[in-house]
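**Q** Each chain is listed here by its residues.
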Amino acid sequence: MHINMKATFKLTVVLVMLLSIVSCNKKSSRSYQYMPNMYESIGYETYQESNIFKGGIEAQLPADGTIPRGDFMPFEIENNTEGYEFAKANLINPIATAELDENVAGPLYNIYCAICHGNKGAGDGMLAKKELIIPGSYADKDITVGSIYHTIYYGKNSMGSYANQLSENERWQVVAYVEKLKADLNK
Amino acid sequence: MKKSYQSLEDNSTNNMKQVIYRNLTSRILSLGFVLLLTFSSSLTAQEGDAEKGKKLYGVNCASCHKLDKRMTGPALRNVEARLYEDEGLDRAWLNTWIKNSAGLIKSGDAYANKIYKEYNGVAMTAFPQFSDQDISDILAYTAQPKPTPPVIVDNGPVDGGGQGDSTSNELILGALALLFALLAGALVLVNKTLNRFADAKGIDVVVDEKRTPLWKVFAQNQFLVLVTTILFLLASAYFVYGSLMSVGVDQGYEPVQPIHYSHRIHAGENAIDCKYCHSSARVSKHSGIPSLNICMNCHKSIGAVADATQAEGINEYGVDYNSEIQKLYKAVGWDEDTQSYTGETSPVKWIRIHNLPDFAYFNHSQHVSVAGVECQTCHGPVEEMEIMYQHSPLTMGWCINCHRETNVKVEGNEYYTKIHEELSKKYGVEQLTAAQMGGLECGKCHY
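The listed protein sequences derive, respectively, from chains Y and L.
Heads up, this note's numbering is the position in the first sequence plus 17, with the first residue counted as 1.
Heads up, this note's numbering is the position in the second sequence plus 21, with the first residue counted as 1.
Read the hints as simulated data drawn from the structure, not as lab findings.
Beta carbons are placed, not taken as given, at the ideal position from N, Cα and C, and that holds for glycine.
Check before you lean on any hint, since a few could be wrong.
Here chain Y is said to cover these stretches of chain L; the calculated rule only asks that three of the stretch's residues, wherever they fall, bring their Cβ under 8 angstroms from a Cβ of chain Y [stated by the list, open to error]:
1) 70 to 83
2) 262 to 271
3) 288 to 294
4) 302 to 312
5) 316 to 327
6) 417 to 427
Only chain Y is shown next, with the shape it has when bound in the complex:
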């Protein structure tokens, strides 16, 4: 009888150990590192947490007035109705027609705009079909090159700004593409 008890006990211990091994298999933590000094950067990694920065995060906005290297043209039209009207009336596309490339602009438009505005600009993107965001068709919109650029740069109504996803050149490429879509729709 006592021997049986002992056997049961041993069996239980083995089962518990097996169970603990199986249940620890879920990867909610990283595996071990060999010589972590070789893995971890001494300099700050992108988005690294650090309490010496504002908000405790390494990623910070550039200081006010900083400009990037390379071709840079400041956009001084303001983000308000007057600015919008001004841009609509006055802004022209600074990129030479020869450099406007549908093969560049098309994919960009499809990534950033088509999800709401639709591939052809008819306002029938995936989110519009689900009635989550309803942008309307370019055909019905009173838009010009300048107003399109202003809208991409600052956003308008429920549309947000795309200035950080598209570079200046890319924005103008997309503007030209939107113009072309509108022209196609109005045919």
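Mind docking chain L on chain Y? Use the hints.
**A** For chain L alone, kept in the frame of chain Y given last:
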């Protein structure tokens, strides 16, 4: 406009003389208004067609107005009745506003200016193309009563988020452990009691005859010992090798993130391109984690998921999607009621999943933009992942293997034209692999 308002007043005063209860006034007023609308010759409005109105509303109004919630513009349910009751503004005012709001504001109309300021000076698009009939149709649509929300079947108490889920799991496990402990205790007690009974009744408990123990028999058989030892060594070598090889490899790593973000819904169901959010993958070393303003591009308008999605989240994944959206609003400081930013923000501490050691260089733009590699090649079926996990091992062997197998995309890339010609002559092949272009050189990734 003024004239019609005047006659309306006369009309209502006439009515008012006959009422006793003052709270009926507004009812009577609107009745009078409706009567006036019906008989007035200056206002041509007829009974609106809500079905036609719905279409017009969807095309023209819905980008800025929701029926029951403030958006870019005010909520529009029962706008006509509300305007009349609260501000005493009639259909003629609405017609003027809709056809040319800017003109009305400029004319110095008090309420027009008030609403313009309240909505941060955002001018409403003018709709001069609308006929009075169109406006009646739209207003008829907005006057429809709010549909009652479908009742979601309550499947018992549900914990919000993954954390609640894990605590409930721990609770269940704890209860089970307690149960087993109790059972074991009971067994011991039963055994004791039985032995005591046996002693009391003078029965000898039958004990097995002493046999040679199994382990002694085993130890005496030398061949068996040898075979077992070899098997044991092989098995332990296998496991030791396996565990050593997984050092520094985080394949399958699936941490719990501060906001339950479902790639399945965003990239799968809604088919949003990876590069919409991870836009820097096109142009930089890092495929950045989107800052919250990119979330707000859509979530400014989408404050709650569809009822079906919400039910699916609760039943299948144990997560309340709507409360996750609220976490985003809290982090980015978005006040849903006023539809404006409060300025109180806090960073979301996402947990990084894919991380190469510091001694290996990897550049996203080189792979995404130049080579045109699909994101899924390395990151797996992200559009099916409810929670993001590391799909690939990200080991050196894995990199090298892909470089050996993948042909370089040279079409339409002048940069490669010359070197491709020379190298394909050297190797005598049509298509160069990344490895033949130098993708195996140490210094390409380690420097």
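**Q** Taking beta carbons only, do three or more residues of the region 288 to 294 of chain L come closer than 8 angstroms to chain Y?
**A** Check passed, 4 qualifying residues.
**Q** Would you check chain Y against the region 262 to 271 of chain L, counting CB to CB pairs closer than 8 angstroms, and say if three or more residues qualify?
**A** holds (count 5)
**Q** Can the region 316 to 327 of chain L be counted as covered by chain Y under the rule of three residues or more with Cβ-Cβ separation shorter than 8 angstroms?
**A** Holds: 7 residues of the region 316 to 327 of chain L have a Cβ under 8 angstroms from chain Y.
**Q** Mind checking, does the region 70 to 83 of chain L have 3 or more residues with a CB under 8 angstroms from chain Y?
**A** holds (count 4)
**Q** Taking a Cβ-to-Cβ distance below 8 angstroms as contact, does the region 302 to 312 of chain L have at least three residues touching chain Y?
**A** Holds: 5 residues of the region 302 to 312 of chain L have a Cβ under 8 angstroms from chain Y.
**Q** Confirm or reject the coverage of the region 417 to 427 of chain L by chain Y under the rule of 3 or more residues with a beta carbon closer than 8 angstroms to the chain's beta carbons.
**A** violated (count 0)
Checked against the numbered hints given earlier, the structure breaks only hint 6 and satisfies all the rest.
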